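J.: Sequence:
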Amino acid sequence: MKSAFWKTDWFLGLSIALVFLLIAHTGLMQSLERKAYDIGIQASNHTPSDKIAVIAIDEQSIANLGRWPWSRDIHAKMIDILSAAHARVIGNTVLFLEPQIDPGLAYIERLLKLQESSALKNTRDPALQAESDSMGALLHEAEQKLNTDRTLSDSMAKSKNVLLAMLLELGEQQGKPDKALPDYMQNNSLTNIKADSPGAEPLSAIAVIPPIAAVGKYAAAIGYLNANPDVDGSIRTEPLVLHYYDTYLPSLSVMLAAKSLNLEPKDIAIRLGHGISLGNLKIATDPALQMRTFFYKDQGGRSAFPVDSFFDVYSGKIPASKYRDKIVLIGATAAGIGATQVTPISPAMAPVLTLAHSVSSILKEDFYITPAWSIWAESGAYLIVALYLILLLPRLKAGLGALATGTLLTLLVSAHFILMISLSVWLQLMLPATLLLTGHLLLTTKRYLLTEKGKSKSDAESAESNRMLGLAFQGQGQLDMAFEKFRKCPLDDTLMDALYNLGLDFERKRQFNKAESVFRYMTDHNPKFRDLEQRLKRSTQMSETVMLGGGGGRTNASTLISEDGSVEKPMLGRYQIEKELGKGAMGVVYLGKDPKIGRVVAIKTMALSQEFDEDELVEVKERFFREAETAGRLNHPNIVTIYDAGEEHDLAYIAMEFLKGRDLAPFVKPGTLLPPPTVFAIIAKVADALDYAHLQDVVHRDIKPANIMYEPSSDSVKVTDFGIARITDSSKTKTGMVLGTPSYMSPEQLSGMKIDGRSDLFSLGVTLYQLLTGRLPFQGDSMAQLMFKIANEPHPKILSIDATLPPCFSAIIDKALQKLPEKRFQTGAEFARSIRACAAHAAKEK
Numbered sequence: 000m001k002s003a004f005w006k007t008d009w010f011l012g013l014s015i016a017l018v019f020l021l022i023a024h025t026g027l028m029q030s031l032e033r034k035a036y037d038i039g040i041q042a043s044n045h046t047p048s049d050k051i052a053v054i055a056i057d058e059q060s061i062a063n064l065g066r067w068p069w070s071r072d073i074h075a076k077m078i079d080i081l082s083a084a085h086a087r088v089i090g091n092t093v094l095f096l097e098p099q100i101d102p103g104l105a106y107i108e109r110l111l112k113l114q115e116s117s118a119l120k121n122t123r124d125p126a127l128q129a130e131s132d133s134m135g136a137l138l139h140e141a142e143q144k145l146n147t148d149r150t151l152s153d154s155m156a157k158s159k160n161v162l163l164a165m166l167l168e169l170g171e172q173q174g175k176p177d178k179a180l181p182d183y184m185q186n187n188s189l190t191n192i193k194a195d196s197p198g199a200e201p202l203s204a205i206a207v208i209p210p211i212a213a214v215g216k217y218a219a220a221i222g223y224l225n226a227n228p229d230v231d232g233s234i235r236t237e238p239l240v241l242h243y244y245d246t247y248l249p250s251l252s253v254m255l256a257a258k259s260l261n262l263e264p265k266d267i268a269i270r271l272g273h274g275i276s277l278g279n280l281k282i283a284t285d286p287a288l289q290m291r292t293f294f295y296k297d298q299g300g301r302s303a304f305p306v307d308s309f310f311d312v313y314s315g316k317i318p319a320s321k322y323r324d325k326i327v328l329i330g331a332t333a334a335g336i337g338a339t340q341v342t343p344i345s346p347a348m349a350p351v352l353t354l355a356h357s358v359s360s361i362l363k364e365d366f367y368i369t370p371a372w373s374i375w376a377e378s379g380a381y382l383i384v385a386l387y388l389i390l391l392l393p394r395l396k397a398g399l400g401a402l403a404t405g406t407l408l409t410l411l412v413s414a415h416f417i418l419m420i421s422l423s424v425w426l427q428l429m430l431p432a433t434l435l436l437t438g439h440l441l442l443t444t445k446r447y448l449l450t451e452k453g454k455s456k457s458d459a460e461s462a463e464s465n466r467m468l469g470l471a472f473q474g475q476g477q478l479d480m481a482f483e484k485f486r487k488c489p490l491d492d493t494l495m496d497a498l499y500n501l502g503l504d505f506e507r508k509r510q511f512n513k514a515e516s517v518f519r520y521m522t523d524h525n526p527k528f529r530d531l532e533q534r535l536k537r538s539t540q541m542s543e544t545v546m547l548g549g550g551g552g553r554t555n556a557s558t559l560i561s562e563d564g565s566v567e568k569p570m571l572g573r574y575q576i577e578k579e580l581g582k583g584a585m586g587v588v589y590l591g592k593d594p595k596i597g598r599v600v601a602i603k604t605m606a607l608s609q610e611f612d613e614d615e616l617v618e619v620k621e622r623f624f625r626e627a628e629t630a631g632r633l634n635h636p637n638i639v640t641i642y643d644a645g646e647e648h649d650l651a652y653i654a655m656e657f658l659k660g661r662d663l664a665p666f667v668k669p670g671t672l673l674p675p676p677t678v679f680a681i682i683a684k685v686a687d688a689l690d691y692a693h694l695q696d697v698v699h700r701d702i703k704p705a706n707i708m709y710e711p712s713s714d715s716v717k718v719t720d721f722g723i724a725r726i727t728d729s730s731k732t733k734t735g736m737v738l739g740t741p742s743y744m745s746p747e748q749l750s751g752m753k754i755d756g757r758s759d760l761f762s763l764g765v766t767l768y769q770l771l772t773g774r775l776p777f778q779g780d781s782m783a784q785l786m787f788k789i790a791n792e793p794h795p796k797i798l799s800i801d802a803t804l805p806p807c808f809s810a811i812i813d814k815a816l817q818k819l820p821e822k823r824f825q826t827g828a829e830f831a832r833s834i835r836a837c838a839a840h841a842a843k844e845k
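Residues in the sequence shown are numbered from 0 upward in steps of one, following numbering that gives the first Met the number 0.
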């Protein structure tokens with residue numbers, strides 16, 4: 000009798016094809032298509048335009064020219080430099096959306112009016128007249144210096160080749176705009192429009208945010224910087240034209256390319272639904288006038304385009320002559336200034352670099368197209384795969400079917416990459432490719448389960464096969480699966496040995512209830528096997544005991560009962576747990592002992608699986624052991640020694656030197672402060688330790704009293720927890736607050752910028768301040784207020800809190816707590832020398 004049709008291979012193939020047709024436009028499939036698109040770009044090899052150069056507003060420039068945003072006379076000077084060097088086009092991506100008014104400018108303007116109306120202006124006394132003229136000249140000079148918007152506009156008017164950026168708010172238009180575009184924006188609109196495809200329109204904008212008129216009307220052109228990310232957040236296309244009610248506005252990349260070719264907005268031809276033309280350049284787009292930008296690969300870890308620091312050009316370190324006849328793009332690359340963009344070649348690309356790729360794509364016509372016939376090619380490929388799964392694959396033998404599927408899959412993938420690399424054509428072929436692979440796997444699996452599985456079942460379930468699988472699972476630590484396989488084997492003496500070892504493995508993992516199950520299973524065959532009776536009794540007694548790293552974050556050290564009834568202490572790795580010393584932010588600290596060499600250690604445990612999400616856990620564990628290894632290489636008398644790091648069950652642990660002293664946390668309140676000479680000696684030793692660590696390229700990141708151990712009898716000082724702050728710096732507590740100690744963090748650490756050893760020296764300065772005064776230098780009612788004070792406000796002078804302290808220590812703390820790293824102590828050694836010199840001077844004064 001024939002099987003029901005829904006059990007046939009052809010029906011399964013048809014069902015799979017229909018399911019894939021339904022999910023064709025879901026986020027998952029679109030992500031697969033775009034991932035293949037990104038790989039195609041990375042495999043392509045095009046040479047970027049040599050006419051484009053980038054001047055980066057980077058960390059070095061901000062460190063030398065001051066905090067962002069800069070005064071606009073700095074931008075004006077850069078324009079003057081590039082204009083004098085005969086740069087062809089200057090594209091500034093900095094948004095000048097608001098006037099920059101110096102507080103003193105209004106007063107200068109009022110003084111000018113008073114001077115103009117003063118009686119001295121028309122006096123007949125030559126001396127008074129000269130004095131009035133001199134005062135007027137001085138006021139005019141001050142007004143010129145303070146009116147930075149005018150300075151910038153003067154430079155732009157003189158250069159005549161500066162293009163500015165603006166922003167548009169995308170959305171569905173309703174009614175009419177709130178106000179008409181200013182004249183300098185109307186002059187920038189595109190008017191050469193051809194409606195070849197009825198109904199085709201670019202993306203629409205509902206609001207325009209142009210540069211201020213003071214500078215915008217002197218721009219050679221203005222273009223928007225808006226990007227349009229794909230479903231996965233990556234920038235692959237750029238809208239070259241946006242529709243703002245009855246006006247068509249160009250992107251900055253289009254205007255840069257046009258100006259470099261001496262073209263005006265009226266020379267840019269738009270074919271709605273097809274693309275744009277710049278002279279002889281034909282830029283094909285999708286129906287919304289979005290260009291699929293080509294992203295050029297980096298060369299040797301460097302950007303495909305030459306990138307120079309703004310400060311190096313500004314200061315003359317890099318001669319401006321290198322920009323002659325170049326399209327020069329100015330924009331931010333420093334962290335914290337604007338958001339980076341995800342592109343097919345970079346997870347974090349600065350917008351100015353994305354703009355460089357877009358301009359080069361236009362000038363060199365290095366863009367990807369999706370031709371009109373692509374829908375037919377993609378549908379045809381899908382139909383061929385579906386018919387193959389429904390009609391052909393069910394009739395082929397396993398080997399021939401695998402060969403046919405492999406050949407068809409190779410053709411699809413090859414067609415995708417050949418079209419992209421050779422012809423710059425993108426077809427979405429990952430849907431039929433995924434359908435092919437999934438359909439083949441499901442059909443062959445069904446065939447195996449219904450037919451071939453019956454033939455091989457006796458072999459697969461044979462005793463020897465299951466025993467070998469059990470041993471393999473046991474070797475991989477998958478003890479539950481090992482026990483499942485062992486139970487499918489007949490019990491004999493050989494299997495009893497394997498089961499006994501499995502029970503011991505469960506005991507070592509402190510899973511006594513499972514060890515009990517194994518030993519009880521063994522008693523059915525031979526209850527007198529070795530010490531099976533004692534093992535079973537012991538595991539039964541311990542099956543309900545809470546052990547290290549138990550559920551809910553409990554980390555109690557429990558004892559075990561040995562065969563003779565004596566107490567056996569639990570093990571963590573190779574260390575025997577003696578007792579609990581205390582609890583930390585992420586786990587418990589134990590007193591342990593290495594039984595082999597008798598070394599007493601402190602063991603800090605971390606329940607990483609409870610502190611981090613599952614998708615972060617692998618990366619966090621890798622970072623944990625990498626940081627522990629780094630900290631373990633530090634060998635200094637004032638740094639706690641790391642002996643070992645490991646992981647057992649759900650606990651990660653670090654075994655370190657056991658210290659008899661205590662941390663400095665109890666000594667930071669009035670009434671419990673240590674004598675100043677003692678504090679000076681401790682901080683100097685900590686500075687020595689940090690100097691050594693920084694020379695090894697290790698930054699502590701969490702210097703505070705709780706991480707400094709002090710033993711008065713031996714005068715021993717030890718810095719603890721090297722590397723732990725970096726392990727936890729991306730974790731968040733259950734209330735959402737970033738783990739760490741914000742009161743001790745440096746301004747650059749709070750802002751998320753890249754830090755170095757000078758950040759630790761700032762934290763050490765906070766610690767010194769607190770140990771001497773019993774209060775923190777920066778305090779706030781909220782986290783936001785505290786962070787603002789650390790980043791912007793000065794600390795109270797230490798002598799205003801305790802006038803008995805040596806004055807030289809006020810200068811040391813002032814230097815340590817400087818907001819800018821370059822103004823602080825540059826090394827721990829310099830910090831230590833200053834403290835010891837001041838302490839020695841204070842001792843002589845007494």
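Do not take every clue at face value.
16 Å max Cα-Cα, derived EDC-like pairs, lysine to aspartate or glutamate [unchecked claim]: (1) K796 to D780; (2) K659 to E710; (3) K34 to D229; (4) K753 to D324; (5) K34 to D231; (6) K445 to D8; (7) K296 to D365; (8) K50 to E463; (9) K620 to D593; (10) K788 to D813; (11) K159 to D324; (12) K50 to D245; (13) K487 to E463; (14) K321 to D479; (15) K193 to D245; (16) K818 to E792.
Computed spacing ranges between beta-carbons, pair by pair [claimed, not checked]: (17) D266 to R625: 35 to 43 Å; (18) K296 to L27: 23 to 31 Å; (19) L27 to L470: 36 to 44 Å; (20) D229 to G572: 40 to 48 Å; (21) E844 to R573: 48 to 56 Å.
Quick caveat, the hints were computed from the structure, so don't treat them as lab data. The structure presented is a predicted model; accordingly, all values stated were derived computationally and were not measured. Think of the CB as a built atom: it goes at the ideal place given N, C-alpha and C, for glycine as much as any other residue.
J.: Confirm or reject each hint.
T.: Hint-by-hint comparison with the structure:
Pair hint K796 plus D780 does not hold up; C-alpha atoms about 20 Å apart against a cutoff of 16 Å. With a C-alpha separation of about 7 Å, the suggested pairing of K659 with E710 holds against the 16 Å cut-off. Using a Cα cut-off of 16 Å, the hinted pair K34 and D229 holds, with the two alpha carbons roughly 11 Å apart. Straight-line distance between C-alpha atoms of K753 and D324 comes to about 36 Å, which puts the hinted pair past the 16 Å bound.
Of the pairs offered as hints, the one joining K34 and D231 holds, with about 10 Å between alpha carbons and a cut-off of 16 Å not exceeded. Pair hint K445 plus D8 holds up; C-alpha atoms about 8 Å apart against a cutoff of 16 Å. A hinted pair counts as satisfied when its Cα atoms are at most 16 Å apart, and K296 with D365 qualifies at roughly 13 Å. Between K50 and E463 the CA atoms are separated by roughly 71 Å; this puts the pair beyond 16 Å, and the hint is violated.
Of the pairs offered as hints, the one joining K620 and D593 is violated, with about 24 Å between alpha carbons and a cut-off of 16 Å exceeded. The hinted pair formed by K788 and D813 meets the criterion: a straight-line CA distance of about 15 Å does not exceed 16 Å. Proposed proximity of K159 and D324 is supported: the alpha carbons are some 14 Å apart, at most 16 Å. Proximity of K50 to D245 is assessed by CA-CA distance (about 34 Å); at most 16 Å being required, the pair is judged violated.
The straight-line distance between the Cα atoms of K487 and E463 is roughly 10 Å, inside the 16 Å bound, and the hint therefore holds. For the given pair, K321 sits about 69 Å from D479 by alpha-carbon distance, which is inconsistent with the 16 Å threshold. At roughly 14 Å between alpha-carbon atoms, K193 and D245 fall within 16 Å of each other, so this suggested pair holds. For the proposed pair K818 and E792, the alpha carbon gap of about 9 Å is at most 16 Å, so the pair holds.
Distance hint check for D266 and R625: the Cβ-Cβ separation is about 57 Å, which falls outside the suggested range of 35 to 43 Å. K296 and L27 have their C-beta atoms about 28 Å apart, which keeps the hinted 23 to 31 Å range intact. The hinted range of 36 to 44 Å is satisfied by L27 and L470, whose Cβ atoms lie roughly 39 Å apart. Distance hint check: the CB atoms of D229 and G572 are about 47 Å apart, consistent with the given range 40 to 48 Å.
Separated by about 54 Å at the C-beta atoms, E844 and R573 satisfy the suggested range of 48 to 56 Å.
Of the numbered hints stated above, those contradicted by the structure are hints 1, 4, 8, 9, 12, 14, 17, listed in ascending order.
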